[in-house]
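Visitor: Take each chain as given, in its own frame, and dock them per the hints.
Going line by line, the protein sequences match chains A and X. By the numbering used here, the letter at position 370 of the first sequence is numbered 370, and the numbering carries on one by one without gaps. By the numbering used here, the letter at position 217 of the second sequence is numbered 1217, and the numbering carries on one by one without gaps.
Simulated from the structure, these hints should not be mistaken for lab results. Cβ coordinates follow ideal geometry from the N, Cα and C atoms, glycine included. Mixed in with the good hints, there may be bad ones.
Chain X regions said to be covered by chain A (calculated; three or more residues, Cβ under 8 Å) [stated by the list, open to error]:
#1 1059 to 1070
#2 1086 to 1096
#3 1183 to 1197
#4 1201 to 1215
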Amino acid sequence: MRVLCVAEKPSIAKAVAGHLSGGEVQTHNTPEKYIKNYVFDYDFGRPWGKCQVTMTSVLGHITAAEFPPEYKKWDYPPPDRLFDAPVNVVVAADKTKVADNIEKQARFANALCIWTDCDREGEHIGNEICEAAKKGNRTLDIRRARFSNIERAHIINASRNLVNLDYKQVNAVASRIELDLRIGYAFTRFLTTSLKTLGGPFQDLLLSYGSCQFPTLGFVVDRYFRVRNFKPEPFWSIKVMHKREGIDVNFSWARHRLFDRPSVIILYERCLMAKKAKVTKVQEKPTKKWKPLPLTTVELQKMATRFLRMTGQQAMETAEGLYNKGFISYPRTETDRFDPGINLRLLVQKQTQSHAWGGFAQNLVDGGFQQPRQGRNDDKAHPPIHPITFASPSVLNDQEKKIYEFVVRRFLACCSEDAKGVATDVDIVYGEELFHAHGVVVLELNYLEVYVYDKWTGSVQLPKFTVGEMFEPTEALMTEGKTAPPHYLTEADLIALMDANGIGTDATMAEHIQKIQDRDYVRTVPRSSRSEDADDAEGSQATEGSRAGRPTRGGRGRGGRTGRGRGATNNGREGIMEFIPTQLGVALIEGFDKMDFETSLGKPFLRKEMELKMKAICEGRTTKEVVLDESIQQYRHVYIQSQQKLGVLKAACRQYVFGA
Amino acid sequence: MDLPAQIRSGLQSQGLPPPSIAWIQTAMPNRNPLPPLPALIATVKTRFLAADLSNPALFDSPSPAFPPNAGNPEVKEVKLTWDIPVQVLDIENLSKSKWEQIEELEAIARGEQTRGREVIRLPTGNEEDEFAADNQTTQSTINGAERPGIQGRGGPATSTNAATKTSTHRLVLQDCKGQKLYGLELKRIERIGIGSLNIGEKIILKRGAILARGTLLLDTTTCTILGGKIEAWQKDWVEGRLARLREAVGADSRNGQ
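Just chain X, same shape as in the assembly (with noise of 0.2 Å):
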């Protein structure tokens, strides 16, 4: 066997879909002499995980890509019939607002989060001593990290990112054809979270798994994250969330800061 094909088995005996030979060879490294074969299939799967699966040169075609009419809201549930390799475009927290969401990502920006600095803010309303009975919360230490609050309720001890283990995510997924569907969390899987999730993070959907209304319902016995990410993708996301927030809930810049 020669070294692509040999990197090939490589990467599908790690459970990766296989790309095609031709592109293997793109993403060897130039070097003479070649490392040895485990370093190379290092080399290449991590290039795999930092491409972008919709390149047609990736895969030899047909490769695995969703059922058509996938997207169909009227088919109450389908599943998967094979897996599919899907790349993450975005990523939601549907158990925040997304204002309180802005008013984190804003403290942030005004340094307000950084320790030693830290404004504690209360939550909105007024609190009951009911909480205290629970948690201690006592006379002097009362803030908004160990209050729950309403709005903002992001006080310094919960990022902007933190998902709590009730959090749900939506996601946005693509297929090697550019196809995008919904993925939805059913089911918590710790490593969706904004922060430990990456734009351009690698993800196989297996078969079985369920396709309800055009969305796909994730947990973690349907869903292997591949890890990997889209530097690029990465950065615009990042850059642009606080826009994309403000733009969707029709909110200007304050006094046009």
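Only chain A is shown next, with the shape it has when bound in the complex (with noise of 0.2 Å):
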């Protein structure tokens, strides 16, 4: 028996050979200069038994669709031909030598067994090779093996237990495709054709549009603008302060801030006239602070682009090449529970020779292990990131170091303990009004010793307390501040705005992200000083007013502020990046918006509804026919507004290009 396997890419490739032959391979070169044939022999056990393997790779997708030829011209059809004229699926022009490669092994073989990655895209180009190996071999047993890291053991029992091919996922995927295509093509035609007129800057420009890109430029433009337009307004508040033990006691106000001044004061007054405050609650309890959730895609990019000085873009490739190296799980998991079967204790004992965190696995090992908190989401193909063996700095570069470290940390802080503290709150009356005291002693750090990037700071003691004393407080001041506008967005911000609405999957935000950069339609520039002070008096509403509206559980604490600011020396947060739109991108945006449809290209809605409907195939809830039928014929909708209301774009166009 002779059996061809083909992975996405020539690391796996690679790596799983070297696992199934045990060593003894034999490699030959092919004539795409990437790819590599290894042949060995191996032990599939039932059905195949023991078979002749030829393992290889592609690079990714080998098909691209395309239209036919008289399609490729920009003024003739007109685009919206674009909706229904036929798509070809090719081999792309530069992947025939990786298809030949397929074709041709596939004629000696028996049997077919795909190792792409586990996700939709994976099943898709997992098709994408099977359709190649029929050119050469009709009659090939197809298989599939399930994997999510390229650790030698889960390699072997992924060999023992193939499945078939999802082709729900795959019709999910070609739809997408078709979909993109389509609708990108006709409405990339229609604005680059349609604003050429406008001539200066719009002469040579391609005004790319993409259903993913626009609702994700749509979020930076809206925030540009609640920032742009935000008006400042003064607020008062009543502080009060008791000094005891040594301690400065501080008391927030339970009305947190009031807009109207002539309000605070009268309110104010009648706590002077009260003189003594009076306490009327004292409780004393154990808190927490709870160690992270196991990390998932979104979660990763997040923390990437907040406090290791990456893009989401740069963190998925960076932990791609982890996982390739076979250093960590596959990166792109909604995951966030761990399955009980996996032995997360011999993945502790990998890092316990970690000069940086050995003593920490160590603990752990040694009685310290805790099961890591199980979060809700599943997507039941791969477990939450985390590392499979441990990888020495040496091998490793800078970036890698970054996410490999910060993968590790998390991974351990998902083992070990939450942080433990004692919380004291003191609620007094003070005439008419209740103040509110919050005092935290952290006990025990735990999981907060290996992770870094958490704090849990503002320690405050309070000083003693008795239910039903009377005191006049040492200050009772009557201050006032100024609401400040919000940030622009941060990368952070913007992808979990993405997977909030649905824009993109967690494996292809960072690349829109990086998408509409490149278009010009926004910039990054790192957050200014201003904002930095502007951050600070948010900070405190921010801390109060959560605390007013509901119960504490924690202990963040009146630290929230302190603990804010510290938190950003600490973790290199001033080298923030925030997203502007250009003003090519909030012409675009407000030319849509101010069409006025019930749709707009700029928000994320008609998207959303389409990632859904990719999601109902992979269920087997509807098909690819009905979602291509239904999507077409939205977008053809938005098309033919868009065309009637072209006038609005343009003078959206002139008004923030030309500023006319």
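Guide: As structure tokens, this is what we get:
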């Protein structure tokens, strides 16, 4: 029996061949210089048994969807014809050598085993491989290996438990590819040719449209206007301080702040009239700061942009590299809970040799280990991102070191214990007004020792107060403040918005964010010092606002503000980048928004629907044909409306780009 | 006792200030035969609650009104010595900035809070995960509703009208002589909120209610909300709210929209 194995990329082919062959492998070059064929013997167990194996790979997608040649010109036929033009799936020009290799190898094989990454895209690539192989041999027995990292035992196990390709996922991706092609081409041509007539910079500009790009840009523009249009307003508050046992105890006002001075004066005066405050509640209770959830892709990207000075895309590329080298599990996952079957202690054990966190890992091995928290998401394909083996810093480059360290620290934190402390709450009534003091003392850092990205600062010890006692506060002040505008979006904010609104998949978000920068629709600028000041002002509002609104559970306490400030310096957040739209970006979104039809292309709604439909295909609730039909209808409708209201878009371009 | 007088005492027994007999006669339904007394009282009550209190025909004079010099900010504190019926002319949530309210109203106007089409907004600034420990906000569920934001934190869950436990409202109250005073929530009163308290709604300020620096301090013990609304005033108030808020903060309409 001869089996052809095909992975998604060369590094996986090499690693899998290494594990299956046990090292006895012949390596052959192929016409495509990046791809090697590895030949070895391997026993797959039943039904294939002992086989002669050729392991090779592709380089991502082999095929591309494209329009026939008569649709290649931009001026004719009109762009909306692309909504129903034929679409051909052909081997991409740069992948013919890759496809030829598969076809040729398939001729000698009885069976084909797909080793592409286990996600939707991988499933589709698996199908592309099948099609290429079938050209050489129509009688192949086709199976698929399911794996989420390239650790030896895991790979061997996958090879002994082969499954079938999931055609629902293949169809979902095929739908997405076709829709992106039709919609992207139609609107890109429409925008580019329609706006060309404005002249100036539009003369030679390619205005690319993508159904993810535009809503992503929409978020940036929306926040931009919220910052720009913001009107600061003054507010007033009452602050009570009481000195006891050498401690300045700050009490915050239950009303937090009011946007009317005379009202606050009246209430403040009534506090002073009362002279003495009365303690109404004293509560001391244990509190915790919860350890983080197991790591997902979205969270990895957000944390990397916040703490590691990387863009989401850099983080993903780096994580991908670490996965290809076998150091971490597959980095594209939505799962935030570990399967109970996975031996986490063993993975912790592997980290004990580190100089940086080995001691912490050893403590876990010696009895400190705790099962991670269980999140609510499980994509049923991959576990949360976690380290597979120990990687010595010497084998990693700078970026890899940062990501690897983060993945490991996060993992160890997950396997550790919540931080513990004691929270004290004191409520007083002063006049008719209620005030509150909150103190927290951290007793055990636990996971915080290894998870340096998280802080539990603002430890405030409160002196003794007794219910019913009366005291005259040392100080009662009426204070004044001013609201500050929100910040421009950071990449972490943007990823969170995309995630919440179903724009892109966790795996593609970073690419869309990069795309709108490449297209010069948005730029990133370092957060200015001015906005750092604003940050502080907001920080205090946010902290207190949140306290007023909800029950205290953990011990975030009064330290919110200072903790945050310190966090910023400790974690290198001063280099944070903000997204600001270019004039062109503003013009495009404003143009579409002002057309004022039900679903502007600058809003996330249409795309969200499309993503949900992809999911429905995967779950067998609908079919590719139905989805293509519906989505094309929708976008064609928008297209026609956009055509009718082109004047609005042009006016926005004139206004923002030419300043007319 | 004739019918209007019976209605009058019926209203009075329900805690309403007794309107004049003449007014009751105008408020009685024009039907023959008249419905039974309890139904009549209910009808007249509804009309009373929908009436303009400052209509001189509504009460026999002299009717209970704010004491003279009530609005004097020099007076630190006096207590009302009799019950006073008033109506609501305006309501403001002093706990929220006007801008925040404007942003929320505009989002609704764009149809972005309709369920299913929500644009979920993040709070501004870099949220810390220190909140995660408190409310289990997890990685993929972060949205404006769950995180306390700063400006415009009204995520989908909090509507513009939502008043929290700690909200403080200020009302403009008018007595039957047309005199106006501010009423400030000294203690939170559930019924008071934008969207839940109507313009033209009737309130009885009880004897003993505090008047401080010309502002009435409201709490549940000194303030009984009777209900009602004046439809036309309410409509104008709701329709003009965004424009009033905008004017108050000195904002132009965004790009002339």
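Visitor: I'd like to know which numbered hints this structure contradicts. Please list them from smallest to largest.
Guide: 1
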